[in-house]
Amino acid sequence: MNRNRVARLTTAVSLIAAALLAAAPISAARSEPDAAAKIRLTHLLVQDCGSCHGLTLQGGLGKPLLPENVSDRSAEVLAEIILDGIPGTPMPPWRGLVTADEALFLAETLKRGLTP
Amino acid sequence: MSELRASRRGLFRAAAAGLAAGTLPSAASAAPPMVRGTGDLGLVVERATGSLLLVDTTARAVLARIEGLGDMSHASLVFDRSERYAFVFGRDGGLTKVDLLTASIVKRVVQGGNAIGGAISDDGKLVAVSNYAPGGVRVFDTETLEMVADVPAIDAKGAPSKTVGLVDLPFRTFVWSLLDGDEIWIGDFTDPRTPKITKFPGIGRLPYDGVATSDGRWYVAGLFGEDALTRLDLWTEGAKPEKVLAGYGKGAEPLPVYKMPHMEGWGSAGNLLLIPAVAHHSVLAVDRDTFREVGRIAAHGQPVFCVARPDGRQVWVNYAHPKNDTVEVIDVPSLKVVHTLKPGPAVLHLEFTPRGHEVWISVRDADRIDIHETKTFRKVGEIAAKSPSGIFFTPRAHRLGV
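Chains as they are written, first to last, in the numbering used here: chain A, 1 to 116; chain B, 1001 to 1402.
Hints are computed from structural coordinates only; laboratory data are not their basis. It should be emphasised that the depicted structure is a prediction, and the values quoted were computed from it without experimental measurement. Heads up, some of the hints might be wrong.
Sample of chain B residues at the chain A side, in silico, Cβ under 10 Å [what the hints assert, rightly or not]:
#1 Glu1253
#2 Leu1255
#3 Ile1383
#4 Ser1387
Quick reminder that beta carbons are idealized off the backbone N, C-alpha and C, glycines included.
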């Protein structure tokens, strides 16, 4: 099976899964971002998340996001916060700028910690 | 003396040569001070590498790189009134005194856990730092960097608060806002050991930054949690904060804010202030006396900085992620966008030469500073910089409220 067909199939599966399980955890049918996307997302995390949370994620206007600060929340919960923001606070929803899979990658990166 | 000058020229020729070869001297630290004026010098924050570039705005050149300043995300700095020394406020709570004439660090202290900015008193003796952690404002002697006052920001409900929008006012006074506490505080540090603090609670939800008008009359706090701003008359005894521009975003759905606007450098042009509309793609033109909206300029994105050219005839605007590849120029008499630049992703800051004939623009993701003429908009120069953010030129030393 070539890669395009796999991608199409994955998309189809995601769409069906999304339609059937609107409230299901977002990891239900995930496709991992590719290497280029991971570089772009890590840049986004450092620079643009970093503009409020600090370049080293030790906090600023926004809360610190080091592994010990996010250990009480699952990657799925963190991904939902990234996608939907926190109403009533300056944390904006990133949905539209990052996909659910990309948000999960960002959340997992936070859990693991940025390695220099 | 002439020998020293010659050797300094030699060093700077070497610096220029090193630049061309992709290396920069940081050896200047051991050198004696160079003999030259500082009125056309500046510092550029290299946010990811904890370094500063010392730049010459006449030569449009880098003179040296100064390293070892810690976490410089969101770093800012002020100059003392001699225009020889800079005080740099790092995100990691570092307060660093830098000597422009030797291109070196004079002294560095870590004064807090997480800082957001600072200001210097009119007599040049005190530097104040605004902290996220532990919160509050700390004041230091500019000679020794010893702490002379610590003012925790405990709000009317007894909770500690992050502080923002710290600015200097005449007569050893600083003003700041309590982000979580919704208050404005004025601190008179005439005697820093016994500062006189005046508190104004309940000024509006989530003040995210503050600015003083260039005459020192008004302190204005931007509110993130409300569709309004709050201003305080600093010339009138007993004045109370008042909400202004209430409902300026009415009729349009607020957009998510991916980068907080900055109020520093607010375009003050004649009788107008040009200010960013939070969560909207527009710049507001406001009467400086009444704070009534007199015009609204449709913009490329959500404005971050609206900076007036020193003569007030133009205001240059940059934008928040994901529209941060663009700079627009607003002509103040007509309130129209008259020019658009596309320097590339992540335009973070801009700074005018002292009388505004040129502007320097930091383009973070291109590792570059662009220099444009402001009359023709033509690009006249470019400087390599690592992940540049804030650009600061020495004439700031003589401006109030920066």
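Now for the hints, and whether the structure bears them out:
1. Glu1253: 13 Å, violated
2. Leu1255: Holds: closest Cβ of chain A sits about 9 Å from B:Leu1255, inside 10 Å.
3. Ile1383: 20 Å, violated
4. Ser1387: This hint holds: B:Ser1387 lies near chain A, its Cβ roughly 8 Å from the closest one there, short of 10 Å.
Hint violations for this structure: numbers 1, 3, all remaining hints satisfied.
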